[in-house]
Amino acid sequence: MIYQQLINGLMLGASYALIAIGYTLIFGVLKLLYFAHGEVFMVGAFVGLYLVILGGANIYVALLGAMIACAMLGVIAVYVSVRPVAKNRPLAPLISTIGLTIVLQNLAVYIFGGQQVGFPETVKQELYNFGPITVSSVQIFILAIATTLMVVLWLFIEHTKMGRAIRATAENHETAALLGVNVNRVVLITFMIGSGIAGVAGVLDGIKNSGISPFIGLGAAVKGLIVMLLGGLGNVPGAMVAGLLLGMIEILSAAYIGTTERDFFSFMILILILLYRPTGLFGTRMTEER
Amino acid sequence: MRPIGNLASSVGLATVMFVMAPTSDAEAAKLAGRSVKIGCQVSLTGKGTEWGQAAKAAMEVAAEEINAKDGIGGIPLELICYDTQTLESEALKTVSRLVERDKVLAISGPCFSSEFETIAPQLDARLKTVIMSYCSAKPGLSAMSKWAFRNTLTSDKQLTPVVEAWVKEYKPKKVVIIYDAEDAVSKAEGAIILPALFKKHGIEILDMLTYRTKDTDYSAQITRAKSLGAQGIGLGSCYQNAAAIAKEAHKQGLTVPIIGGACASAPGFIEIAGKAAEGAYMSTAAWGDDPRPEVQAFMKKVVAKLGGKQPPYSGPRAYDIVFAFKHCIETTGVTNKPSDLYSDRDKIRECLQGLKKFPGVAGELTMNEVRDGVGVTAILKVVNGKYTNIAK
Amino acid sequence: MLDGLLDGYTRSLLIFAGINVIAAYSFYAPFKTGQVSLGQAGFMAVGAYASAVLTQKFGMPFAVALIFGGVVAGSIGVVVGFPALRIKGIYLLLLTLGFAEIISVIALSWDYVGGAQGFRNISFNPFTLEYVIGVIVVLLVFFARLERSSLGRAMDSIHQDETAAEVMGIDVVRIKLLAFGFGAGIAGLAGALYAHHATYMDSTTFSIMLAVEILMFVVVGGGSTYWGPLFGAAVLNAIPEFLRALREWLELVPVEWTNFYPVNRAYDFLHDFLDFENAKRLIAFGVILIVMMILRPDGLLTRDSLRWLRLPRWKVRHA
Amino acid sequence: MREQVARTACLSIEGLTKRFGGFYALNELHMEVAQGHIHALIGPNGAGKTTFFNLVTGVLPADAGRIVFNGQVVADTRPSKRTIKGIARTFQNIRLFPHLTAMETVMIGSHCRAFPSVWKALGKAVLQRPLGEADEERQMRENAVELLEFLGLTDKQDAKASDLPYGEQRKLELARALATQPRLLLLDEPTAGMNPRETDELDDVITRVRDRGVTIILVEHDMRLVMGVSDSVTVINFGTKIAEGPPEKIQSDPLVVEAYLGEDVQL
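Chain order of the listed sequences is L, D, F and Y.
First residue of the first sequence: 20, per the working numbering; consecutive thereafter.
First residue of the second sequence: 533, per the working numbering; consecutive thereafter.
First residue of the third sequence: 26, per the working numbering; consecutive thereafter.
First residue of the fourth sequence: 75, per the working numbering; consecutive thereafter.
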């Protein structure tokens, strides 16, 4: 059973990782705890759902649509809750993004209702047996999409001009600006990328869990934060590994200890990391003092 | 206090008049005030959405029917409904708002056992107003206060015939139980009622697994159930989670029969679970396929209000509550004067306590000594994406 | 005392608003030293559960339980505050958030306090409003004194530049710890009051969203003066009630005045919107937060605006 | 030998070392500052002067070495404890409390003298005498009035610190440091950003502070000020001392001249 549970952990971890990547990118370039990220994830799931229902159940259309919609949402977020807010007060952008979180979540409640809605079956269900392990076509699909996305993103960050600009901005705004990086544009693009990935993660989550609700965002945001810290701020590969790690830990604790305790471990990890290893397990790209 | 005999005869009289749809009630004097206020607590958001929506629609249908005639005691019925969000704390807040600000005569609701269990202890000391639930099914709750009523059957009564039929069809030897540790009725079903019934039928319980209401990932539980070799799944679960669990089982290739308790039997279960719902058994406290024309007329109106959806049992039960209230208000000398509010509420309570064979769309209603409904119920099985009553 | 004047529902509204005011002060105390905590809801939970255990399981009177709740929450605050001293800003925010979540998991899995089913049937305290008012008055006097005292200035200085304050001989560690523990204690009081009025709570009662709301009270009211938390909590609690009343007045408008296009449309929209159920209320709150951060990032009340309004500040007798 | 030093030196530094990664910001520094002196610490940018201040005031922990202040080894790790012992400082890039008034700023400095413990501050200033002002508060206020007058800021006492012009912010920072009643005052580039007139004024101020019985360590780039006001000068480069002595001697030291080569400084 343990192998099967590890597969479950992998699935859960993949979605955590996707959320955390966006977080860590945004945190990197903006040094901002962007609370609304979980809600972007939720909006992505709903956009995906509606595209599936309206657009004739083509999952790729839904994924792409959710990605674009969420990238747009990221742009809106920048223009509404980041740009116009006073920069010299460290709390101000945090609170304005909390405001955005509340708005998005409750707009969703208002529009879609406060209940869980089913996500139609879009990937043909088939089961493959590998010895003691059973893997479903849905799981393979989710994992394939998530992995592809992560690899593409990693290549983008490491090997493109924009990727270098993002890394430079993450390390130091002033230096990046001196090197001729347009910091404002980098921030905007980072938000678009992070939000787009969160949107895809939302759709994948809908496929995986069969149901979505307007309230999935907050939990996702908190878990994404834990993964971000675990992986090291601004560290994209770190976030990927840490996401898988947290997914495994949660599934194993749910399977062998108890479901009510599963959150306990996540939050203990959060606290221990904050106190004893603030650079995360894999180091950080930030040079900032704590 | 009125003698019981007198009360019973007036019940009989009202019954006749209800069925014959009287134009006016000769016995009851015209009530004071501009309207009769009845409170209603419904869960329009959260895990109980469908239950609450159905109940609200049904009560509105009842109010429209009543007001289309002569109202209650000659004045219109005013239904004041609040959303409890399926949260205990919100249920408490709205009940005190109904009692203390809106000054309603009686309250229909709350829907959920968790909510009911939270309000009931406050009734004797503070609220002193009838609450009557149209969904709650956890055994033993109405006994908490003389003001607490339910016209539903408790879970144990609902599940007994369903488990029997389920076992007869699928003959499982080993099952797992999965339940929501945060929901009162689901926990009662998962931890107490289902194990007892399974034991009675000689079925081995492999494991009891829990989850939290807000959980969305059930892969760990299903993997465990599968590895243990479960031949059936007993669910103490509301429809949204139940459907997600059924789907997860389906995805992992665990295609074993499912049996669900009171909260699972909403149409939303089938809607969300799709194919995975097929063959599942559900318990219920009412089923609207009674061929009587008034039942069919009611169902038609409610289904129209719900946008074509069948209501779960909260619909018919909530509808009946409004008429039970109407009956008690009109027959016990309730005046509806603000100064008589407390005695009016008490009169309604006494009247409901003695309710026997009161006709309604969910069947005849009789209150037992602990103020829970008694009667027969349906057994629901999902066949071709529809709930079908397979009870004789 | 206030029984004759107010009906139960109004009392209840005032109690919840008052508890929010107290909770806002619980945030304000550590905030005065620059510590931003998202754990205040967690400390409320500690106070609520501790006091409810005392009244329900040991039959103690409410007054004792109230103080007990405050003391227990305060002590845990000091325990949490100690490691929290090492970190700042969003790290502290996350730490306190993690702490609150752990409290919630404990409340969820500890059956002695009701576990997943919630802590039910807590004895109802009929004098909660009087207690709430009493606590608020004490807090107001305390913080007014604090603001004009050397300790208060020392806290302000820590908020503005911790290193500089430390180098000026301010005992930053003790003062921050004191403020954090004190804030936790106040939150404990708020929790105890809540528990004995609501009579029910569970692991989700004191959630992240509540912690965010508490933060919002201070941010909207203004965190630089002791009037801020009171003002913020009062305003944000009054808005929904005010809008509800507005809707009732709206219904008094004669039909013929509004029965033509486009007035009927506007009327319907307004009428619909003022039915301020949860989602809409929260949307409005979110918008308020964003707009506030753009227009008045220091909150509605600042020391300057107080001077301008000439609200009473504590006058110091010059020697 | 050491006993003798302890009697005459206000501050004695023994083998002080600080590393940042592999880089030695200070390496085995030895230095003595005599009681009542104005002792200048100079060196090119990045020589370790500010690090020295951070180590002496406890803002950063030292990796090795001892700091002996008034004959006692300073072992406390916390800056506030050292301030209470009598070490005060100003910052290179002024660090005032922007929202406090000048008066309040100076009163912050005397807080540690009036209320040595938090409990006393809570008990006396907040809880006791609910309507009036504690004696300590009045004392602090009087002190502040005196210090503001000493630095010529009397008419600015109700202005917000952040609203003051640059030169006055420097002075306010100095007043705040003096309010802690230091025996040793560390001044980190007090003339940075000042115009010549303000610099001249500062010369006078520093001397007057010394005359109040405060030993001063001065880190400064303005050599005119350094050479004019100091009793002795220590020159460091790359974290090690390269010269020490009276100003006249330093000016002609070839090592010092070499260290400053390439820097636009008039020795």
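Treat each hint with caution, since some may be false.
Said to hold, decoys possible - 25 Å max Cα-Cα, derived DSS-like pairs, lysine-lysine: (1) K625(D) <-> K305(F); (2) K625(D) <-> K143(L); (3) K807(D) <-> K700(D); (4) K50(L) <-> K113(F); (5) K746(D) <-> K113(F); (6) K705(D) <-> K660(D); (7) K113(F) <-> K315(Y); (8) K869(D) <-> K569(D).
Worth flagging that the hints you see were computed from the coordinates, not collected in a lab.
To see whether the hints hold, each was checked on the structure:
The suggested pairing of K625(D) with K305(F) holds, with an alpha-carbon distance near 18 Å, which does not exceed 25 Å. Between the alpha carbons of K625(D) and K143(L) the distance comes to roughly 46 Å, so the proposed pair goes past 25 Å and is violated. For a cut-off of 25 Å, the pair hint linking K807(D) to K700(D) stands: about 22 Å separates their Cα positions. A distance of roughly 13 Å separates the Cα atoms of K50(L) and K113(F); the hinted pair therefore holds under the 25 Å criterion.
Restraint check for K746(D) and K113(F): the C-alpha separation of about 31 Å exceeds 25 Å, so the hint is violated. Using a Cα cut-off of 25 Å, the hinted pair K705(D) and K660(D) is violated, with the two alpha carbons roughly 48 Å apart. Straight-line distance between C-alpha atoms of K113(F) and K315(Y) comes to about 36 Å, which puts the hinted pair past the 25 Å bound. Only pairs whose Cα atoms come within 25 Å are accepted, and K869(D) paired with K569(D) is accepted, the gap being roughly 11 Å.
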